[in-house]
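Peer 1: Taking the hints into account, I'd like the entire structure generated from these sequences.
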Amino acid sequence: MSKRVFILATVFLVFCYGALVGRFQLFPYQIFHKASIGFDRVLDETGIRHTVWGYRDIPKDLKGKKGAILTGDAHPGLNLISEMGVDYSLIVKLTTLQGKVLHTWNLNCFDIWSDFSHLDNKSRPNQEPGTFVHGMVLLSDGSLVFNHEFVGLTRVSKNNEILWQLPYLTHHSLHLHQDGTLWTCGKRYDNLIDGFENDKPAKWKYSFLQISTEGELLNEWIVQDILLENGYAGVIDMLQGKGGHRNEFHMNDVEPIPDSLSGVAFEKGDIVISLRDINTVFVYNQYSKLIKYMLTGKFVRQHDPDFIDTCSISIFDNKNGAYLPGSQKSRILRYYPIQDSFVTSFEGNSSFKFMTSQAGKHQCLPNGNLLISETRRGRAFEINNSGELVWEYVNVIGENEVGYVIEVQRVPLSMGSMFVAVE
Amino acid sequence: MLICVVYGALSYRWDFFPSPILKSAISGYKEVSQDWGTGLPWGYVKLEENDSVSLVKEEHPLMGLNLVTRMASDNALVVELLAMDSTLVKQWSLNWFDIWPDADHLPEHIMPKSEPGTFIHGVVLLPDGSIVFNYEYCGMVRIDKNDKVVWKLPYATHHSLHLAENGNLWACGLLFEPPKLKALSNCELVERQVIVEVSQQGEILNEWRVEELIANSGLKGYLHLMKRECGAAQLLHLNDVETIASTDTSGWFQSGDVLFSLRNINTVFVFNRFTNKIRKAISGPFIAQHDPDFKSGNSITVFDNGHGANASSIKKSRIVQVDLVSGKAETLVEGSVDLPFYSEKLGKHQWLSNGNLLITSSQQGRAYEINTKGDVVWEYFNRVTENSFGYLIDVQRVPMSHADLF
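In the order they appear, the protein sequences are chains A and B. Counting from 1, position 227 in the first sequence corresponds to residue 226 in numbering that gives the first Met the number 0; the numbering is continuous, with no gaps. Counting from 1, position 180 in the second sequence corresponds to residue 179 in numbering that gives the first Met the number 0; the numbering is continuous, with no gaps.
What the hints contain is simulated information worked out from the structure, not anything from laboratory work. Predicted model, so just to flag it, every value in this text is computed and none were measured. Hints may contain errors.
[What the hints assert, rightly or not] Cut-off 30 Å, straight-line C-alpha distance, at most; resulting in silico cross-link-like pairs (DSBU-like, lysine-lysine):
hint : chain 1 : residue 1 : chain 2 : residue 2
1    : A       : K328      : B       : K179
2    : B       : K294      : B       : K372
3    : B       : K181      : A       : K62
4    : B       : K181      : A       : K291
5    : A       : K291      : B       : K315
6    : B       : K315      : A       : K204
7    : B       : K179      : A       : K288
8    : B       : K276      : A       : K291
9    : B       : K314      : A       : K202
10   : A       : K328      : B       : K279
11   : A       : K328      : B       : K276
12   : A       : K204      : B       : K344
13   : B       : K315      : A       : K202
14   : A       : K328      : B       : K181
15   : B       : K327      : A       : K267
16   : B       : K314      : A       : K204
17   : A       : K65       : A       : K202
18   : A       : K59       : B       : K314
19   : A       : K62       : A       : K202
20   : B       : K315      : A       : K288
21   : A       : K186      : B       : K372
22   : A       : K204      : B       : K181
23   : B       : K181      : A       : K288
24   : B       : K314      : A       : K291
[To be verified] With the C-beta cut set under 8 Å, the calculated list includes, among others, these residues of chain B facing chain A:
hint : residue
25   : Y6
26   : A8
27   : L87
28   : L218
29   : K219
30   : G220
31   : Y221
32   : I264
33   : A280
34   : S282
35   : P284
36   : F285
37   : I286
Beta carbons: idealized from backbone N, C-alpha and C, even for Gly.
Peer 2: Structural data, given as structure tokens:
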């Protein structure tokens, strides 16, 4: 009897320890965790299942499509494409509309960053791809500035030489303003612990940055401070019902307004900022330091708000996980702040699936067409004013596999003169 | 042994047997240890050294009677009508187990099991001297001035009770339904927050499902701020409903407007009962707020509990006024060293006819009346023992004429 009790008690205690391992990541949690990552990698490399972020099976409706397809009157220009390539490569390439590659940058983060000492231990990439390219700008000399997501900002020349690097956790977006400065999202550690530099800090905050094209940090704003100073403490704290923490609102875009669009609803100095996890976009003026418009709840897990004209903003509404069923489609919304009203510019439907639960970019082209990067389905496409498909690109990288298309930008044809086409 | 450890870790992560039991035990332990920590159960707070213990202060308050909902000693649930000097006019002692011994309308996890079991949250005094009140998440009751139960509404009403101009009662409610979404298929019942309109005879006249109101108004992004869990409605945490008075419709507000508050997403909504659409969502000026009230034609005032979120040497709550046209928020009253005012949870406020403001700082066991200059002109403390206060759930100033009924 006592032997049975002993065995049962031991089993119970060992089970409790196991529960504590799950809760507090005690020994041997890390061993199991690493084993699990290794197992996933084996699944991925043998093609049994995609476990590395950035890859998936070809969606059924895109099977048979490959590369770029010109189906109508696309807006003239070249495409700057950021995508997940074969063998976990991080590719940015400049192509014609027909798909001819003019130049490729292969941006392996382990080659480009000699060390990751500016990152806390948990944030350091440890195996390829390690991160991905999220936010890029092609400059007039053919050089490329880009973010390695939550690793840092780099400028590489058209000959693939590193010109400079900014060791700051930049992420999600990069925007070239009319004054020639670059704007990007950042994440700043608040309190690195003395003697344990770069160990996991207790606090961090989202920021956005203005940077010269020489890599000099010109200005830095802390998003939490802006919200607090403008009386929006409740927005910072909005995830409490989800068990979230105050900082985890997932900033994913920043963009200043060009002077030409100030007037009706906007003015010089306005900046649009997107906070994905609290479904919020707001417009802040860098001179008055006031938040002018605050939008919450009208979209779900949005990305890439853009100033479009003097009275509206266009927003990529991923709609991922919208609470009620029947809403598994993404859409592009046009918001008019003065009227406080929305118009849907384009959305997926039963005959043309358009859905990306994460990431996603869009660009309103000068002829009125809309260029959309449908990231997680490995596709980008352009539609005209009538909603007709006029250009499409699928990033097929294997027999039955696509790599995510992080972003496609239409850039002027003249940018091609610096590069020689690769046959 | 290795298998046992692995199963333990996985069961904690995925809620396999027996982890839910273990988690429940941990939760119970935390509750008990919290009580041990203060030496007091839920509903009571320890008297700190610097807490004032003066009982009543009279400096030209708005004269009337005070309808007080409080936790009395020994877990007693009490509603009282008090004169300004705290003289007792009438007391209702509202033990759940006496009034509703045969309740069978609640799921097991809500059903009161030991005293107090629930508490009184939302009360209205009617002209005949009867009161209608909510047992928090348990049901609505009307009881006459002679303590006789007039009717009981077996519906999980909670948090607030509002008497509309037309005589109907509005309350927050909770429904328990079988899950419809695949993601919630493991739930036996799913909670849904509702707004209910009830006649004075205890008949349900209308119900509005909060999630449908939000989704049908193009605001699904707010619903996405909560977890998909069986108790998701609780995570939204509806905590107030109030209808517009005809005297308040001169500005932005319209006839049929209804205010409601979702605490856990720091948001107050205005919807119109005739269009069933949300006209405005106000997020950001407050944290974990309670009791939004219509203030004038364009603005509302809100009890901003604050949760001590703003970096400050003292934790403080405040009463904030928000103009719905300009979006501007203005602090009217806030806690300070001179006026310790902080209730992490609960809390009510009432605008009086002379412009004074009556604030119930529930978890401090206190109520204050503040005049237009910001001076405290009346205060009340719910002191239940030598060393403790009971939570003061609500204090309402009602006309002196009610005294004639008792």
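Peer 1: The structure should be examined with respect to each hint, and the outcome stated for every one.
Peer 2: Going through the hints against the structure:
1. As the CA atoms of A/K328 and B/K179 are separated by approximately 20 Å, the hinted pair is consistent with the 30 Å bound.
2. Taken as a hint, the B/K294 and B/K372 pair is honoured in the structure, with Cα atoms around 18 Å apart against an allowance of 30 Å.
3. As the CA atoms of B/K181 and A/K62 are separated by approximately 29 Å, the hinted pair is consistent with the 30 Å bound.
4. The hinted pair formed by B/K181 and A/K291 fails the criterion: a straight-line CA distance of about 40 Å is larger than 30 Å.
5. With a C-alpha separation of about 27 Å, the suggested pair A/K291 and B/K315 falls inside the 30 Å cut-off, and the hint holds.
6. Restraint check for B/K315 and A/K204: satisfied, since their Cα atoms lie roughly 24 Å apart, inside the 30 Å limit.
7. Taking the CA atoms of B/K179 and A/K288, the gap is about 46 Å. The hint is violated against a cut of 30 Å.
8. Under the criterion of a C-alpha separation no larger than 30 Å, the hint pairing B/K276 with A/K291 is consistent with the structure, at around 25 Å.
9. A distance of roughly 21 Å separates the Cα atoms of B/K314 and A/K202; the hinted pair therefore holds under the 30 Å criterion.
10. With a C-alpha separation of about 26 Å, the suggested pairing of A/K328 with B/K279 holds against the 30 Å cut-off.
11. For a cut-off of 30 Å, the pair hint linking A/K328 to B/K276 stands: about 23 Å separates their Cα positions.
12. Between A/K204 and B/K344 the alpha-carbon distance is near 27 Å, which keeps this suggested pair within the 30 Å criterion.
13. The hinted pair formed by B/K315 and A/K202 meets the criterion: a straight-line CA distance of about 23 Å does not exceed 30 Å.
14. The straight-line distance between the Cα atoms of A/K328 and B/K181 is roughly 18 Å, inside the 30 Å bound, and the hint therefore holds.
15. For the given pair, B/K327 sits about 22 Å from A/K267 by alpha-carbon distance, which is consistent with the 30 Å threshold.
16. Annotation: proposed proximity of B/K314 to A/K204 holds, straight-line Cα distance about 23 Å (limit 30 Å).
17. Among the hinted pairs, A/K65 with A/K202 is inconsistent with the structure: their alpha-carbon atoms are about 45 Å apart, more than 30 Å.
18. Of the supplied pair hints, the one linking A/K59 and B/K314 is violated, its CA atoms being roughly 56 Å apart against a limit of 30 Å.
19. Restraint check for A/K62 and A/K202: not satisfied, since their Cα atoms lie roughly 45 Å apart, outside the 30 Å limit.
20. Restraint check for B/K315 and A/K288: the C-alpha separation of about 26 Å stays at or below 30 Å, so the hint holds.
21. Proposed proximity of A/K186 and B/K372 is contradicted: the alpha carbons are some 45 Å apart, above 30 Å.
22. Restraint check: the Cα-Cα separation between A/K204 and B/K181 comes to about 36 Å, which exceeds 30 Å; the hinted pair is violated.
23. For a cut-off of 30 Å, the pair hint linking B/K181 to A/K288 is broken: about 45 Å separates their Cα positions.
24. With a C-alpha separation of about 29 Å, the suggested pairing of B/K314 with A/K291 holds against the 30 Å cut-off.
25. At a threshold of 8 Å, the smallest CB-CB gap from B/Y6 to chain A is about 6 Å, leaving the interface hint in force.
26. Annotation: interface hint on B/A8 holds; nearest CB of chain A at approximately 4 Å, less than 8 Å.
27. Taking 8 Å as the C-beta cut-off, the interface hint given for B/L87 is violated, the closest approach to chain A being about 40 Å.
28. Interface hint status for B/L218: upheld, as the beta-carbon distance to the closest one in chain A is roughly 4 Å, under 8 Å.
29. Restraint check, B/K219 versus chain A: the minimum CB separation of about 5 Å is within 8 Å; hint holds.
30. Interface restraint check: B/G220 against chain A, minimum CB-CB distance 3 Å, threshold 8 Å, status holds.
31. The criterion of a C-beta within 8 Å of any C-beta in chain A is met by B/Y221, whose closest approach is roughly 4 Å, and the hint holds.
32. The interface hint given for B/I264 is met, as the beta carbon of that residue sits about 6 Å from the closest beta carbon of chain A, less than 8 Å.
33. Residue-level restraint check for B/A280 holds (minimum Cβ-Cβ distance to chain A is 6 Å; threshold 8 Å).
34. Residue-level restraint check for B/S282 holds (minimum Cβ-Cβ distance to chain A is 5 Å; threshold 8 Å).
35. Contact between B/P284 and chain A, as hinted, is supported at the beta carbon level, the nearest pair being about 5 Å apart and thus within 8 Å.
36. Interface restraint check: B/F285 against chain A, minimum CB-CB distance 5 Å, threshold 8 Å, status holds.
37. With 8 Å as the threshold, the beta carbon of B/I286 comes within range of chain A, its nearest partner Cβ sitting at about 5 Å, so the hint holds.
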